[in-house]
Amino acid sequence: MALVRARDADAFEALYDGYHRLVYGVALRILGDVPAAEDITQGVFLKLWSSPDLYRSGNFPAWLARVARNRALDVLRGKAYRSVSELPEAVPEDDSLEDVAFAHLDAAKVRDALAQLPPEQRDPIEQGFFGGITHDEIARRSGIPLGTVKTRIRSGLRKLRDALDGAVTV
Amino acid sequence: MNLDAHDAMLDDVAVYALGAMAPADARRVREHLATCADCRAEYAALRPAAGAVAYSAEACESGQNGPHVSALLKPRIMREIRASVAPAVAQRARPGFVWPAYLVAAACIAIALISTIANISVGGQLKTAQSELEASRLAAGQSARALDADRTTIADLTSADAKRYPVPNGAVVARGGKIYLAMHDMPAPPKGKVYQAWTLPKGSKTMAPSVTFVPDPRGVAVFALPQDARATAAVAISVEPDGGSKAPTTKPVAVAALD
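Going line by line, the protein sequences match chains V and H.
Quick note: the first sequence uses the numbering used here, first residue 4, plus one each step.
Quick note: the second sequence uses the numbering used here, first residue 43, plus one each step.
Honestly, I wouldn't trust all of these hints.
Under 8 Å between C-beta atoms, here's a sample of chain H residues computed to sit facing chain V [to be verified]:
| id | residue |
| --- | --- |
| 1 | 59 |
| 2 | 112 |
| 3 | 113 |
| 4 | 117 |
| 5 | 249 |
Computed beta-carbon distance windows for the label pairs [said to hold, decoys possible]:
| id | chain 1 | residue 1 | chain 2 | residue 2 | range |
| --- | --- | --- | --- | --- | --- |
| 6 | H | 114 | V | 4 | 38 to 44 Å |
| 7 | H | 200 | V | 56 | 17 to 23 Å |
| 8 | H | 70 | V | 59 | 23 to 29 Å |
| 9 | H | 299 | V | 11 | 47 to 53 Å |
Since the hints were made in silico from the structure, they are not lab data.
This one's a predicted model, so the numbers in the text were calculated from it and none came from an experiment.
The beta-carbon is built from N, C-alpha and C at its ideal position, and this holds for glycine as well.
I would like the entire structure built from these sequences, with the hints used as guidance.
This is the structure in structure tokens:
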């Protein structure tokens, strides 16, 4: 990122090569629409080029994925793009909480870890992350009590973390 | 706060870490986190796992079977990037006044010498080494990911509880929430064209665009669609311009109605 801040187009290209599939994949999963996912990908990377200081520190791919998710959810909800500097409601700016060990996660391992979760835990996690709906809405749509939905999300995330602790490919 | 209430708050912290909370609820949790060390620890433990969920959606490498990013996207972005750099360079090259020729020559030689020494001896070597290291790391990661993804796909496709819906040159396979396309002997799409998958959401009358793909030289394409099978009534495939379309522009070459 230091080279990108110094306006090094080759460094930016390397950054694109490394992370465009993550940005595009998140947008595509949320929107299910190829042209829209490409628009999001283009917008995120161009914004990163024009305002590289928006990324301050911490896990870069996780930050990039959050930006892509926010933009895609904005499109899903029919809202104008929020500023890329506006971190999602759920993510405070305290980078000390960022687990750098997760900076080189393997997508297949994450899919496997998710697949290992019981459906009643996996479904609300995926719906909450990619579906752009709140836990209240998940409970309402599934007919499951709100407290149960929240407990299942927490249990699922704990299992996911345990599974991924040994899945880092640095 | 009593123990039950605090345990409920820990559940809220998990939902907050996932980013699945309404703004007002999120504000309440954020305020609580500022005052509760236990909940901050829970948040620190769960936030990376919540963030990791994003990786499960990562698109495939170019050349692999499965959803991939259009090859046209990168040139489109890099054109804008390099265009934004060029004017700045040109502007810097414009002098504020005309230098005498001998000063220009001397300055050029000095700059060239300094730049050469600095770039070649330190910056050049470092950059090359960093690039090679990064390329090796990415290549190793890509190989491992491809292998794992293939294993998962094979396990799902051969599962006894997978539902198969035959279509010309292959099948649509649904297992749990996943939808796979398992195609073989597909003709290569015309130049400038790709195949595009479409899904019909339950309760909808309009096909929604899904991923674009190109079969390998043997005509094989096996990959998962990002859509949820449980919310999908039908899957179709059509030939579309590279980059995909928002609505089908040609008659589908395959259609499968899911249960």
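Checked hints:
1. 59: Given a least distance of 6 Å, the restraint on residue 59/H holds.
2. 112: Status holds, d = 6 Å.
3. 113: Not OK, violated: residue 113/H not within 8 Å of chain V, min 11 Å.
4. 117: violated (11 Å)
5. 249: violated (11 Å)
6. 114/H x 4/V: 38 to 44 Å: violated (26 Å)
7. 200/H x 56/V: 17 to 23 Å: The hint (17 to 23 Å, Cβ to Cβ) is violated, given that residue 200/H and residue 56/V are roughly 50 Å apart.
8. 70/H x 59/V: 23 to 29 Å: holds (26 Å)
9. 299/H x 11/V: 47 to 53 Å: Holds, since residue 299/H and residue 11/V (Cβ atoms, about 52 Å apart) stay within the stated range.
Hint violations for this structure: numbers 3, 4, 5, 6 and 7, all remaining hints satisfied.
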